[in-house]
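S.K.: So the chains spell out like this:
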Amino acid sequence: MDFRRWRTRLGLFLAVVGPGFITANVDNDAGGIYTYSLAGAQFGYSLLWTMIPITVALIVVQEMASRMGAVTGKGLSDLIREEFGFRVTFFLMLALVATNCGNVVANFAGVASSLELFGWSRYIVVPLAAVVVWLLIVQGTYRSVEKIFLAASAFYVCYIIAGLLAHPDWKAAAVATFSRPTTAGIRNYGYIVMVIGLVGTTIAPWMQFYLQASVVEKGITPRQYRASRWDVILGCFFTDIVAWFIIVACAATLYAKGQPDIKDAADAAEALRPLAGNWAYLLFAGGLFNASLFAASILPIPTSYAVCEGLGFESGLDKKFHEAPAFYWLYTLLIVAGAGVLLVPRFPLVHIIVVSQVVNGIVLPFVLVFMLLLANDRELMCAHINARRYNAVAWLTVVVMIALTPAMIITQLRNG
Amino acid sequence: MSLVALSELLGASVRDASGTVRGRVREIAVAPQDHPTRIAFLIVRTSAGERVVPTSALRAFVPTVRAHSDAANWDRYAPSDGVLLLKRDLLDQQIIDVHGRKVVRVNDVEIDSTPVNSHLALNVVAVDVGARGAIRRLAKGIVPTFTLRALLDRIPPRVIPWQYVDLLETDPSRRVKLKIAYEGLSKLHPADIADIVEDLAPAEREAVFETIDEEVAAEALEELDPKVQVSIVESLDSDRAADIVEEMDPDAAADLLADLTEDHSGQILKEMQPEERQEVTQLLEFGERTAAGRMTTEFIAVPETAVVDDAIEALKKFEGSREALATIYLTGAGHRLVGSVPLVRIAISSPAAQLSDISEPYVACAPDTPQDEVAALFDKYNLLTLAVVDQHERLAGIITADDVITMLRHKD
Numbered sequence: 001m002d003f004r005r006w007r008t009r010l011g012l013f014l015a016v017v018g019p020g021f022i023t024a025n026v027d028n029d030a031g032g033i034y035t036y037s038l039a040g041a042q043f044g045y046s047l048l049w050t051m052i053p054i055t056v057a058l059i060v061v062q063e064m065a066s067r068m069g070a071v072t073g074k075g076l077s078d079l080i081r082e083e084f085g086f087r088v089t090f091f092l093m094l095a096l097v098a099t100n101c102g103n104v105v106a107n108f109a110g111v112a113s114s115l116e117l118f119g120w121s122r123y124i125v126v127p128l129a130a131v132v133v134w135l136l137i138v139q140g141t142y143r144s145v146e147k148i149f150l151a152a153s154a155f156y157v158c159y160i161i162a163g164l165l166a167h168p169d170w171k172a173a174a175v176a177t178f179s180r181p182t183t184a185g186i187r188n189y190g191y192i193v194m195v196i197g198l199v200g201t202t203i204a205p206w207m208q209f210y211l212q213a214s215v216v217e218k219g220i221t222p223r224q225y226r227a228s229r230w231d232v233i234l235g236c237f238f239t240d241i242v243a244w245f246i247i248v249a250c251a252a253t254l255y256a257k258g259q260p261d262i263k264d265a266a267d268a269a270e271a272l273r274p275l276a277g278n279w280a281y282l283l284f285a286g287g288l289f290n291a292s293l294f295a296a297s298i299l300p301i302p303t304s305y306a307v308c309e310g311l312g313f314e315s316g317l318d319k320k321f322h323e324a325p326a327f328y329w330l331y332t333l334l335i336v337a338g339a340g341v342l343l344v345p346r347f348p349l350v351h352i353i354v355v356s357q358v359v360n361g362i363v364l365p366f367v368l369v370f371m372l373l374l375a376n377d378r379e380l381m382c383a384h385i386n387a388r389r390y391n392a393v394a395w396l397t398v399v400v401m402i403a404l405t406p407a408m409i410i411t412q413l414r415n416g
Numbered sequence: 001m002s003l004v005a006l007s008e009l010l011g012a013s014v015r016d017a018s019g020t021v022r023g024r025v026r027e028i029a030v031a032p033q034d035h036p037t038r039i040a041f042l043i044v045r046t047s048a049g050e051r052v053v054p055t056s057a058l059r060a061f062v063p064t065v066r067a068h069s070d071a072a073n074w075d076r077y078a079p080s081d082g083v084l085l086l087k088r089d090l091l092d093q094q095i096i097d098v099h100g101r102k103v104v105r106v107n108d109v110e111i112d113s114t115p116v117n118s119h120l121a122l123n124v125v126a127v128d129v130g131a132r133g134a135i136r137r138l139a140k141g142i143v144p145t146f147t148l149r150a151l152l153d154r155i156p157p158r159v160i161p162w163q164y165v166d167l168l169e170t171d172p173s174r175r176v177k178l179k180i181a182y183e184g185l186s187k188l189h190p191a192d193i194a195d196i197v198e199d200l201a202p203a204e205r206e207a208v209f210e211t212i213d214e215e216v217a218a219e220a221l222e223e224l225d226p227k228v229q230v231s232i233v234e235s236l237d238s239d240r241a242a243d244i245v246e247e248m249d250p251d252a253a254a255d256l257l258a259d260l261t262e263d264h265s266g267q268i269l270k271e272m273q274p275e276e277r278q279e280v281t282q283l284l285e286f287g288e289r290t291a292a293g294r295m296t297t298e299f300i301a302v303p304e305t306a307v308v309d310d311a312i313e314a315l316k317k318f319e320g321s322r323e324a325l326a327t328i329y330l331t332g333a334g335h336r337l338v339g340s341v342p343l344v345r346i347a348i349s350s351p352a353a354q355l356s357d358i359s360e361p362y363v364a365c366a367p368d369t370p371q372d373e374v375a376a377l378f379d380k381y382n383l384l385t386l387a388v389v390d391q392h393e394r395l396a397g398i399i400t401a402d403d404v405i406t407m408l409r410h411k412d
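Chains A and B, in that order, give the protein sequences.
Here the working numbering is used: the first residue of the first sequence is 1, the next is one more, and so on.
Here the working numbering is used: the first residue of the second sequence is 1, the next is one more, and so on.
Since the hints were made in silico from the structure, they are not lab data.
Don't take every hint at face value.
[Said to hold, decoys possible] Straight-line distance between alpha carbons at most 20 angstroms, and here's what the computed EDC-like set of lysine to aspartate or glutamate pairs gives: (1) Lys320(A) x Asp225(B); (2) Lys319(A) x Asp81(B); (3) Lys319(A) x Asp192(B); (4) Lys319(A) x Asp75(B); (5) Lys102(B) x Glu146(A); (6) Lys187(B) x Glu204(B); (7) Lys319(A) x Asp195(B); (8) Lys320(A) x Glu198(B); (9) Lys227(B) x Glu146(A); (10) Lys102(B) x Glu323(A); (11) Lys102(B) x Glu379(A); (12) Lys319(A) x Glu393(B); (13) Lys227(B) x Asp318(A); (14) Lys87(B) x Glu270(A); (15) Lys320(A) x Glu204(B); (16) Lys102(B) x Asp377(A); (17) Lys87(B) x Glu83(A); (18) Lys140(B) x Glu82(A); (19) Lys320(A) x Asp199(B); (20) Lys319(A) x Glu304(B); (21) Lys320(A) x Asp195(B); (22) Lys227(B) x Asp377(A); (23) Lys319(A) x Asp97(B); (24) Lys87(B) x Glu82(A); (25) Lys102(B) x Glu314(A); (26) Lys320(A) x Glu223(B); (27) Lys140(B) x Glu83(A); (28) Lys87(B) x Glu379(A); (29) Lys177(B) x Glu379(A).
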């Protein structure tokens with residue numbers, strides 16, 4: 001192949017890489033890692049088949065968000081406000097703040113529990129993490145922050161190494177990935193709950209807001225969009241490969257040795273220690289810390305952006321505090337509240353997280369339907385509306401997600 | 001006269017001459033071709049389809065709309081590009097607040113209704129961008145109208161008078177029909193225009209730069225981030241882009257063209273006037289991070305034999321940037337640079353004084369001097385301008401202090 005053309009293509013790709021890759025990776029946050037660990041510990045390799053449909057769904061949804069960002073140059077909440085009016089936007093934003101607040105809490109909890117494994121007190125670690133996160137965003141520019149985020153994404157490789165160290169049965173894992181689910185599995189209630197959990201942890205409303213906003217902020221144009229699509233696709237693949245390795249690592253150890261009960265993601269790391277060795281333990285704990293801190297830094301951003309854009313407040317990280325007070329206050333509040341509740345003794349953490357997951361489930365169908373309507377709006381998207389076949393897949397994804405949502409809410413409420 | 005909010009009118013029931021409810025208000029239209037603020041007609045959704053009720057046929061406006069014509073006489077609504085539909089084109093959309101110099105989102109629109117003879121005159125007076133409009137729309141239909149009005153009266157309004165509103169419209173032909181010319185925006189300081197433009201989506205940026213005066217566009221473009229400059233210039237057709245680039249400072253124009261693809265910068269150069277093209281091409285040949293890449297070729301140079309009056313004459317004719325005026329350069333035989341006179345010295349000397357008498361030793365550097373050394377020279381000699389001379393000591397261009405500040409701020 002012509003080397004120069006290849007190099008130009010690579011250059012084009014590198015110019016747009018970032019938003020898709022980062023968004024997909026944050027998806028593997030503390031909650032996600034726990035869900036994957038639990039899936040492996042309780043059901044072994046038998047849930048690996050879900051990874052393929054989940055990847056497809058993730059790509060379809062993310063691709064729409066990034067395409068809308070590139071074509072319209074506007075954020076998702078901007079578009080929702082312009083097309084669906086003020087009232088809808090207001091309640092959507094209210095719900096988004098509620099669910100993301102819970103997500104931020106969950107991820108600061110991940111920071112705390114991963115470092116508690118090494119004997120560090122949460123009363124030192126959590127405030128420190130909150131300050132680091134706050135300073136990172138308030139002091140950084142989009143470009144510098146993106147570099148740090150990309151580095152954090154690369155750090156997920158440690159889960160892949162942990163998977164290798166667990167010495168899984170590669171053949172069985174590969175077969176389980178490409179085979180249909182067994183009927184015996186489907187009749188099992190716990191199995192179904194776990195499938196719902198896996199899907200639910202993969203596609204979250206905030207991701208679409210974040211992705212579209214950062215595509216806009218990066219200034220990606222429709223002409224660069226072909227390269228940008230690869231950013232999304234590779235990001236989704238990498239994310240789900242990491243998830244696959246987490247499941248495999250836990251299946252090869254915890255499931256094989258009959259230890260299916262883990263309380264959280266840090267617990268999974270602890271349980272791995274005697275079975276897969278010190279290195280696997282360290283990688284799992286370090287991976288959790290990275291993922292939690294990463295997600296805790298990112299989540300408040302799209303929340304503040306979406307709310308301020310949708311409701312018409314000044315927003316943007318390039319503005320000063322007094323120029324965009326609503327934006328910075330909301331951002332600060334999310335971090336302070338998210339980190340603060342962890343320092344309150346006997347705080348009903350689990351309940352908060354369950355409630356936020358339920359709100360998450362309620363918001364998601366709306367966001368997905370709005371996205372589909374917008375992505376099919378010819379006046380808005382011109383020649384870039386969904387292709388017909390693509391649309392069929394997209395609608396199918398959305399319908400499945402919507403059907404799973406009430407089921408997910410019910411199981412969440414039961415467990416909580 | 002009384003003020004009514006657009007959100008209160010939308011969905012209000014409409015009665016015809018017989019007093020029967022015939023439908024509900026779906027849209028309110030202004031025809032800018034006829035009158036910039038007057039409401040031309042309402043679009044009413046009736047059981048027979050969408051009908052047009054002209055304002056001249058309205059007797060009352062609140063709480064229900066009453067017309068003194070029969071529903072049978074209302075025309076069918078035919079969509080047209082030339083009318084501004086307040087709900088579709090304004091409500092929830094972004095506009096430019098020319099007075100506050102920023103981009104804001106419209107929460108509601110305030111309409112003034114005044115009885116004139118037998119009918120009503122309705123005019124758009126302001127857009128609401130504050131909490132009042134937001135709460136009104138949130139509570140509409142949930143809280144009783146009376147309570148809501150009492151509540152809203154206690155919220156301080158945040159409105160932008162209609163004359164300070166510039167609409168964003170990306171379709172050029174519609175822009176003409178709706179008479180959108182960004183007149184208010186054009187009068188702002190170029191740096192403010194640039195700030196506003198940075199808050200817009202790419203298509204809207206393009207719309208602004210297609211419409212506003214070339215000179216204003218050029219100055220605003222210079223104030224923008226280089227990446228945004230490139231994306232705007234790429235979106236314009238090369239004819240329009242050339243018109244704007246011609247008006248830019250040659251050094252800024254050269255920096256911009258250097259960032260474009262060769263194809264594109266070539267096309268723009270081809271469309272430019274020969275004189276400007278030559279200046280810019282010369283600058284393009286130098287490295288961007290050297291003295292020559294940062295200099296402008298628009299400066300004031302007079303023969304060393306000239307008097308103060310000649311310098312003032314040259315100042316009056318000068319068309320380049322104001323920063324370049326800080327120093328008047330003196331040239332001797334063969335256009336060699338021999339001295340420099342600060343503007344202050346000109347101001348305090350008599351018109352007949354010889355420039356060579358008030359001249360000071362000049363500071364100059366070679367075209368290939370790296371930009372860091374340029375900044376060091378400015379610092380050391382407290383300069384406002386620095387001369388760039390070629391190997392024969394001829395004046396090739398000057399660097400101004402504002403260029404150095406920009407350079408230091410964007411070091412990466």
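S.K.: If a hint holds in the structure, say so; if it does not, say that too.
M.R.: Consistency of the hints with the structure:
no.	hint	result
1	Lys320(A) x Asp225(B)	holds (17 angstroms)
2	Lys319(A) x Asp81(B)	violated (37 angstroms)
3	Lys319(A) x Asp192(B)	holds (14 angstroms)
4	Lys319(A) x Asp75(B)	violated (50 angstroms)
5	Lys102(B) x Glu146(A)	violated (27 angstroms)
6	Lys187(B) x Glu204(B)	holds (18 angstroms)
7	Lys319(A) x Asp195(B)	holds (11 angstroms)
8	Lys320(A) x Glu198(B)	holds (15 angstroms)
9	Lys227(B) x Glu146(A)	holds (17 angstroms)
10	Lys102(B) x Glu323(A)	holds (11 angstroms)
11	Lys102(B) x Glu379(A)	violated (26 angstroms)
12	Lys319(A) x Glu393(B)	violated (46 angstroms)
13	Lys227(B) x Asp318(A)	holds (15 angstroms)
14	Lys87(B) x Glu270(A)	violated (59 angstroms)
15	Lys320(A) x Glu204(B)	violated (24 angstroms)
16	Lys102(B) x Asp377(A)	violated (28 angstroms)
17	Lys87(B) x Glu83(A)	holds (11 angstroms)
18	Lys140(B) x Glu82(A)	holds (18 angstroms)
19	Lys320(A) x Asp199(B)	holds (14 angstroms)
20	Lys319(A) x Glu304(B)	violated (49 angstroms)
21	Lys320(A) x Asp195(B)	holds (13 angstroms)
22	Lys227(B) x Asp377(A)	violated (29 angstroms)
23	Lys319(A) x Asp97(B)	holds (18 angstroms)
24	Lys87(B) x Glu82(A)	holds (10 angstroms)
25	Lys102(B) x Glu314(A)	holds (9 angstroms)
26	Lys320(A) x Glu223(B)	holds (19 angstroms)
27	Lys140(B) x Glu83(A)	holds (19 angstroms)
28	Lys87(B) x Glu379(A)	holds (17 angstroms)
29	Lys177(B) x Glu379(A)	holds (19 angstroms)
Hint check: violations occur at hints 2, 4, 5, 11, 12, 14, 15, 16, 20 and 22; the rest are consistent with the structure.
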